Amino acid sequence: MSKTVKLKKGLDIRLVGAASKVKTNAKTPQMVSMKPSDFHGMTPKMLVKEGQEVKAGTIIFQDKYNEPIKFSSPVSGKVEKIVRGEKRRILEVLISTSQDQQFEPSDVKSVESMSNDEVKATMLASGLWPFVKQRPLDIVANPINEPKAIFVSTFDSSPLAPDFNYVLEEEGEAFNAGMDALKKLTSGKVHLTLNGKSSAATTFTNVKGVEVNTFTGKHPAGNVGTHIHHIDPVNKGEFVWTVNAQDVAIIGRYFLTGKYNAKRTIALTGSEIKDPQYIDTIIGANVADLLDGQLTSDNVRVISGNVLTGDKIAQDGYLGFYHNQITVIPEGNELKFVLTKGWLGLGFDKFSNSRLFPTFLTGNKKFRLDTNTNGEERAFVVTGELEKVFPFDILPMQLAKAAITDDIDGMENLGIYEVAPEDFALCEYVCTTKINIQDKIRKGLDLIGEECM
Amino acid sequence: MEPKFAKGGKLEKWHPMFESFTTLAFTPAIVTQKGAHIRDGVDLKRTMITVIMAMVPCLLFGIYNTGHWEMVAAAGDRGLDFWANGGAKFMAGLWVVLPLIVVSYGVGLTIEFIFGFLRGHSLHEGFLVSGMLIPLVMPADVPLWMVGVATAFAVIIGKEIFGGTGMNILNVALTARAFLFFAYPTSMSGDKVWMAGTESKVDGFTGSTALGDLATFMSDKPVFENLEAYTNNYSFFDSVWGMIPGSIGETSLIAILIGALILLITGVGSLRIMASFFIGGYVMGLILNAFGGNEFLDLPAHFHLAIGGFAFGAVFMATDPVTASQTATGKIIYGFLGGLIAILIRVLNPAYPEGVMLAILFMNVMAPIIDHYVVQGNIKRRLKRVKTA
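Heads up: the sequence lines are chains Y and E, in that order.
Be aware that the first sequence starts at -13, since it is given in my numbering, and climbs by one per residue.
Be aware that the second sequence starts at 3, since it is given in my numbering, and climbs by one per residue.
Treat the hints with care, since some could be wrong.
[Stated by the list, open to error] Partial selection, computed: residues in chain Y whose CB lies under 7 Å from chain E: (1) Ala12; (2) Val293; (3) Phe323.
Worth flagging that the hints you see were computed from the coordinates, not collected in a lab.
This structure is a prediction, so every number in the text was calculated from the model and none was measured.
Glycine is no exception: its CB is placed at the ideal position from the N, C-alpha and C atoms.
Just need the whole structure built from these sequences, with the hints factored in.
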């Protein structure tokens, strides 16, 4: 039974710098990186050495404590460096790309002819598995669990997010094959969620045998967490898996061609990008080439992902494993005088979900926001503001407080199993306290993972 | 200059002070490190200054009204034209009110600075509002030292021992008021204090308030013979405008509603609490009317909303987000009960001519319990999901 859900709560942060619908084909990056930190809580066990030649799809490391989960190289080339941090923790694996791209050979059959277990085994062996994430805990799915449903969102509602209708326009076949593979992973339903605000591309409407749901509203209408909560919420002891739309296409491509083709179309966005656009590149690509000649100044923050949940990376950093966009915004590392840009200012440059600045009257104006916190950290004083942007039947402030105080019972009762840090991104944005709520929820989830799972 | 105050610097110990003052003038250059890379423009300073802005109409009217009643007391004539001689009245009022504000902020901020210094954090903004609320809920003639003592009590016992801004259980300004009420009852009630300068002026002149006079209906010696005599003296119109004696900021319903409008438009004040508080008060007024029996019980319910500190409490005190209920449903229950109890105490308990202060303090204590049940409701609703699925 498909559902249509209209959300009243939420917030669209109106930023300058949306990508125009022009696709450029970036040349293959010279260097790519696989970062174990992209997979929360995973400790890698290296399977290749520095200097070793790898092909696209060669397994380079696996989860030390859950060995069936393997991670593969997105390109063919040479393992240039294994960067280690404190206590020899592996920070990233750098792979320099070779001229012609070679793929790890495989003998896949069509998805239809495979049994459920064969599909799972193929995905695990080929390094496709990390694309599948699980709730609760928001980590790479544990293959031994049986998910009650799988969710794929066909739209991203976060600020400046890429439009998957455009990105996957020509990937219909691959997407379909990917969805077929996902159907084999669960005895429950596979849910595909469409954006009620725009008409979906044929890539998504042609998919058969799945539950199609429609969500309309402001961000986080496109988040899988929102969809799960309104369609088939996670209770204690249950698992739901999620896969990003573009990653479904990567999985599909593998089952069609037998090649691990980590190609990904990303949106280059943000107020500090001269010419925001879409770029075809590869997972883990070095962004220095992509940003070359595109930055308006040097005092900027480059984010792999969107402004709410992305990771801060260097100007020559690497695209994250799950990310579909690069956002560049100004750093806010300067003092703001009280009467002009501070707390007593008129505030025509401030975007706020509260109505404390006159900008709540200026309808569709777009803003150039920087990374300044716009104030110091404080205790929770204002109430009711998180609830306005949190379209869940969960009390966000109470849950955040339970997470801050390591209150396991409280977290369980208040719905920690249903949420991921990204669901709290808007809460974190609007909160007067400037507390890093996503980080608190992440720590709460980690505690639950240790104690209760 | 900053390095001297930074960690390891010569004046490291004074860093909280330094931070407090510099952040008043400049929003610091703190950038996001984790999580969302951009943050809302709002901060606690902006929120608090908005509340203070909302109190300005009450403050200005309060100053004028204080000046007016001081002249009334001096002349011993209640018939003085309210709007005549405005400039002089405003100055006279300012002479009374300004010292109260100075004492309240002076004592309060000093204590906040000391606690901030001991805990190594800068000044948190909560007291900026409390410091303005305290003078506004004081009778005009209260001695300054009492205001100082009450402020110190409220800030230390009411707030800082719980951890400071955002951690207190009771509304700080009402704690100050309640402290004076119970510690110095003779100075806080009766008919001597509500107008500046009544003490040594004309003999036989009373500076009684509308509520004080109404309360006498419950005793053997009412001031007025019946309700009609009362309304001749304090018309509904006068009560709405606020041209009656009372605590400095509480008298004018119009000024309070302007403040309420500012709070509601900016979204700082909770409409749920304000509206349900007024409804609660009105309902209790109607209930008392239904019983009837004497003039005070028969007082039309809408009078209750306009006199005394009811409206001021509903708009500025009950809505304090730290001490009110925090859940949406909880806010409605909290406000409704607050209003209900305020009028109940006001009318039926002759010892307390004004019930709003005690009602809100009581509901402050009850707010966590209300929230507890709302949260339990949410938990049960989600547990039920498992059973039905």
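Status of the hints after comparison with the structure:
no.: 1; hint: Ala12; result: violated (24 Å)
no.: 2; hint: Val293; result: holds (5 Å)
no.: 3; hint: Phe323; result: holds (6 Å)
Hint 1 from the earlier list is the only one contradicted by this structure; the remaining hints agree with it.
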